[in-house]
Amino acid sequence: MRPLTPRKILGVCGVLFAVLFVVVVVSLRMGAYPISVRDIVMTLFNGVAGRREQIPSEFWLVVFGLRLPRIALGILVGAALSTAGAGFQALLRNPLADPYVLGVSSGAALGAIVSLVIAPHVPGLIQIAAFAGAAATIAAVYFLGRRGGQLDSPTLLLAGIVSASFLSAIIMFLMTTLSGRDLRGMAFWLMGDLSSPAAIDLRWLYFILLVVLGSIYTTSSDLNLILTGEQEARHLGVNVNRVKLVVYIGASLLTGLAVSVSGAIGYVGLLVPHVMRMLFGTDYRLLIPASALGGAIAIVIADTLARTVVAPTELPVGAMTALAGAPVFIYLMRRKVR
Amino acid sequence: MNVTAGSGAASGSQMGPLAAGPRPRLKVEQVSYAYAATDRSAPKFTLGPVSFEAQQRELIAILGPNASGKSTLLKLLGGVVKPLSGRVEIDGTEVGGLDLRTRAQKIALVQQESELLFPLRVWEYVLQGRYPYGKRLRFESDEDCLMAGNALAQVGADELRDRWMEQLSGGEKQRVILARALAQQPSLLLLDEPTQHLDIGGKVELLRRLRNLADENRYTVVVVTHELNLAAEFSDRIVLLQKGKCLRIGAPGEVYQRDLLEEVFEAPLEVETRTSGRPRVILRGSH
Numbered sequence: 001m002r003p004l005t006p007r008k009i010l011g012v013c014g015v016l017f018a019v020l021f022v023v024v025v026v027s028l029r030m031g032a033y034p035i036s037v038r039d040i041v042m043t044l045f046n047g048v049a050g051r052r053e054q055i056p057s058e059f060w061l062v063v064f065g066l067r068l069p070r071i072a073l074g075i076l077v078g079a080a081l082s083t084a085g086a087g088f089q090a091l092l093r094n095p096l097a098d099p100y101v102l103g104v105s106s107g108a109a110l111g112a113i114v115s116l117v118i119a120p121h122v123p124g125l126i127q128i129a130a131f132a133g134a135a136a137t138i139a140a141v142y143f144l145g146r147r148g149g150q151l152d153s154p155t156l157l158l159a160g161i162v163s164a165s166f167l168s169a170i171i172m173f174l175m176t177t178l179s180g181r182d183l184r185g186m187a188f189w190l191m192g193d194l195s196s197p198a199a200i201d202l203r204w205l206y207f208i209l210l211v212v213l214g215s216i217y218t219t220s221s222d223l224n225l226i227l228t229g230e231q232e233a234r235h236l237g238v239n240v241n242r243v244k245l246v247v248y249i250g251a252s253l254l255t256g257l258a259v260s261v262s263g264a265i266g267y268v269g270l271l272v273p274h275v276m277r278m279l280f281g282t283d284y285r286l287l288i289p290a291s292a293l294g295g296a297i298a299i300v301i302a303d304t305l306a307r308t309v310v311a312p313t314e315l316p317v318g319a320m321t322a323l324a325g326a327p328v329f330i331y332l333m334r335r336k337v338r
Numbered sequence: 339m340n341v342t343a344g345s346g347a348a349s350g351s352q353m354g355p356l357a358a359g360p361r362p363r364l365k366v367e368q369v370s371y372a373y374a375a376t377d378r379s380a381p382k383f384t385l386g387p388v389s390f391e392a393q394q395r396e397l398i399a400i401l402g403p404n405a406s407g408k409s410t411l412l413k414l415l416g417g418v419v420k421p422l423s424g425r426v427e428i429d430g431t432e433v434g435g436l437d438l439r440t441r442a443q444k445i446a447l448v449q450q451e452s453e454l455l456f457p458l459r460v461w462e463y464v465l466q467g468r469y470p471y472g473k474r475l476r477f478e479s480d481e482d483c484l485m486a487g488n489a490l491a492q493v494g495a496d497e498l499r500d501r502w503m504e505q506l507s508g509g510e511k512q513r514v515i516l517a518r519a520l521a522q523q524p525s526l527l528l529l530d531e532p533t534q535h536l537d538i539g540g541k542v543e544l545l546r547r548l549r550n551l552a553d554e555n556r557y558t559v560v561v562v563t564h565e566l567n568l569a570a571e572f573s574d575r576i577v578l579l580q581k582g583k584c585l586r587i588g589a590p591g592e593v594y595q596r597d598l599l600e601e602v603f604e605a606p607l608e609v610e611t612r613t614s615g616r617p618r619v620i621l622r623g624s625h
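Taken in sequence, the protein lines are chains A and B. Going by our numbering, the first residue of the first sequence is number 1, and it counts up by one from there. Going by our numbering, the first residue of the second sequence is number 339, and it counts up by one from there.
In case anyone wonders, no lab produced these hints; they're calculated from the structure. Errors might be hidden in some of the hints.
[To be verified] Simulated crosslink set (DSSO-like; lysine-lysine; CA at most 27 Å straight-line):
| hint | chain 1 | residue 1 | chain 2 | residue 2 |
| --- | --- | --- | --- | --- |
| 1 | B | Lys-473 | A | Lys-244 |
| 2 | B | Lys-413 | B | Lys-382 |
| 3 | A | Lys-244 | B | Lys-420 |
| 4 | B | Lys-413 | A | Lys-244 |
| 5 | B | Lys-473 | B | Lys-541 |
| 6 | A | Lys-8 | B | Lys-420 |
| 7 | B | Lys-511 | B | Lys-541 |
| 8 | B | Lys-581 | B | Lys-365 |
| 9 | B | Lys-541 | B | Lys-420 |
| 10 | B | Lys-365 | B | Lys-511 |
| 11 | B | Lys-583 | B | Lys-420 |
All chains should be modelled from the sequences, with the hints used to inform the complete structure.
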């Protein structure tokens with residue numbers, strides 16, 4: 001009997017941080033302008049230490065001006081989507097739940113587009129609108145997914161898939177009729193894309209990310225019990241309604257946050273928590289931080305591939321995640337049926 | 339079993355002295371309940387009023403046909419649903435007034451289990467019973483592990499601890515579920531049809547185990563069951579329900595009257611008294 005300790009969590013997170021660092025350095029190296037790993041590490045090191053004058057200006061431009069902001073955006077989006085996925089899986093007691101599969105990402109995207117049409121220049125409004133879209137969609141899917149007062153797994157997934165395609169159709173309608181406006185492209189909202197920089201200071205988004213991750217994390221031991229059964233959790237003293245509310249708002253915020261800057265990137269929220277479960281077990285006290293870091297790693301890898309495999313053109317990052325994620329989704333679904 | 343010393347002593351220190359004073363462990367006073375589909379419609383189902391008391395070391399069986407309100411009564415005892423009128427007290431405190439975690443330290447309620455979403459080891463499952471004692475993120479202490487280990491030993495499931503939950507047989511699973519309830523160190527143990535999916539050997543074993551827990555570890559045990567003969571054999575008192583009404587409360591010999599049982603269960607029954615003094619119910623031949 002070896003229960004989970006804070007030390008094990010720190011150990012696992014340390015390893016994942018190291019992997020993330022390596023992935024970031026490799027990603028910084030890839031691209032049209034050649035730069036050696038040694039130069040990248042020196043540039044990062046001097047940049048963090050505040051010694052900008054010691055960095056050749058072209059290195060500064062390539063690393064801090066071009067490649068790192070995109071990677072930082074990818075880390076944010078990956079961490080947000082994976083944690084949201086792990087949260088939805090516990091909240092809905094469904095291992096196949098994911099912001100994209102459930103249509104929550106499409107709802108967030110629609111919210112974002114509507115806010116861009118109505119008031120394009122209000123800072124932060126797009127994030128709020130994306131959150132509202134996400135929260136409304138998951139509420140709708142939750143109620144559509146019930147049968148006889150009980151949450152029914154296949155009905156829930158069908159409700160999600162139908163909502164996703166319905167909302168995507170509205171997005172396409174809006175994008176087509178409003179073409180000419182200063183909106184990002186259809187692929188951005190439907191498939192997810194990290195190529196356009198966010199219109200809002202990244203530090204703000206990271207601040208929100210950390211606050212929301214923290215609040216979801218405080219419920220992690222409650223989520224462990226809810227996963228074994230809601231009624232049992234109640235009998236063991238868990239305030240189930242409060243926990244569900246925190247996770248519902250938190251996961252919707254994370255989805256809104258990610259979609260507002262990158263569009264609807266699919267399958268990360270499904271894939272990453274499952275891989276982390278296979279590696280480190282199902283305890284949410286470890287799974288949440290591991291999923292956040294794993295999601296960051298996954299998106300940085302996917303985006304690096306998306307911008308290099310068909311260079312000089314680019315794929316949307318969502319195409320890469322779907323290529324990897326869809327087969328895994330089918331594998332998980334079939335394994336569950338057996 | 340080798341466990342009584344460890345867990346008995348520890349539960350005593352956790353829950354304070356359990357001096358056998360005049361105050362009953364569990365006190366049910368004129369409790370009633372009504373269920374309606376909506377707030378304004380007429381109630382579809384009513385229960386009560388029910389009154390009884392239970393001391394430590396007592397095993398009480400709630401009997402009755404389907405839809406007689408057995409599970410509802412159990413939920414009322416556990417504080418999961420609030421009574422329409424009346425009150426349920428445990429050790430002198432009203433159950434509804436306890437906060438969730440304090441309640442879980444006093445009462446363990448075992449209902450039909452939900453399906454597990456992700457695989458879980460037996461010891462992880464039993465350790466969940468320690469939740470009401472944990473701090474913020476609830477990293478389990480050495481004491482928690484000890485208590486979980488004791489609980490597993492108490493139900494004779496030591497050797498199962500590293501198995502996966504989904505690989506257990508029905509009887510093994512029921513034992514592990516009971517161990518999780520014991521890990522809560524409750525004084526009141528409530529079980530809703532725990533014998534449902536067990537074969538006859540498993541049923542007898544489970545009831546005998548509950549009897550021992552009550553006798554040796556001073557638990558008060560309330561069990562909802564359909565097993566008339568097992569209830570007669572192992573319980574101190576019977577609560578007989580029919581369509582939400584409490585018909586009779588008393589020792590098995592007092593409650594098991596042929597006319598009464600035949601009317602309640604709508605079946606041709608015969609009651610005989612065994613040499614032990616406990617009644618036995620048999621099906622009357624139709625000839």
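So if I understand the rule, the pair passes when the alpha-carbon distance is 27 Å or less; does B:Lys-473 with A:Lys-244 pass? holds, 20 Å
Given the hint that B:Lys-365 pairs with B:Lys-511, does the C-alpha gap stay at or below 27 Å? violated, 31 Å
Does the alpha-carbon distance linking B:Lys-473 and B:Lys-541 stay inside the 27 Å limit? violated, 37 Å
Are the Cα positions of B:Lys-583 and B:Lys-420 separated by 27 Å at most? Holds. B:Lys-583 to B:Lys-420 sits at ~18 Å (cutoff 27 Å).
Decide if the proposed pair is consistent with the structure: B:Lys-581 and B:Lys-365, CA atoms, cutoff 27 Å inclusive. Cα-Cα ~22 Å, so holds.
Between A:Lys-8 and B:Lys-420, is the straight-line Cα distance small enough, at 27 Å or below? At roughly 42 Å apart (the allowed maximum being 27 Å), B:Lys-420 and A:Lys-8 break the hint.
Compare the distance between the alpha carbons of B:Lys-541 and B:Lys-420 with 27 Å, and conclude whether the hinted pair is satisfied. violated, 31 Å
Run the distance test for A:Lys-244 versus B:Lys-420: straight-line Cα separation, threshold 27 Å. Satisfied, since the Cα-Cα distance of roughly 22 Å is no more than 27 Å.
Going straight from one Cα to the other, do B:Lys-413 and B:Lys-382 come out at no more than 27 Å? holds, 18 Å
CA of B:Lys-511 to CA of B:Lys-541, is that 27 Å or under? Satisfied, since the Cα-Cα distance of roughly 13 Å is no more than 27 Å.
Quick one, are B:Lys-413 and A:Lys-244 close enough, alpha carbons at most 27 Å? Satisfied, since the Cα-Cα distance of roughly 22 Å is no more than 27 Å.
When each numbered hint is compared with the structure, violations occur for hints 5, 6, 9, 10.
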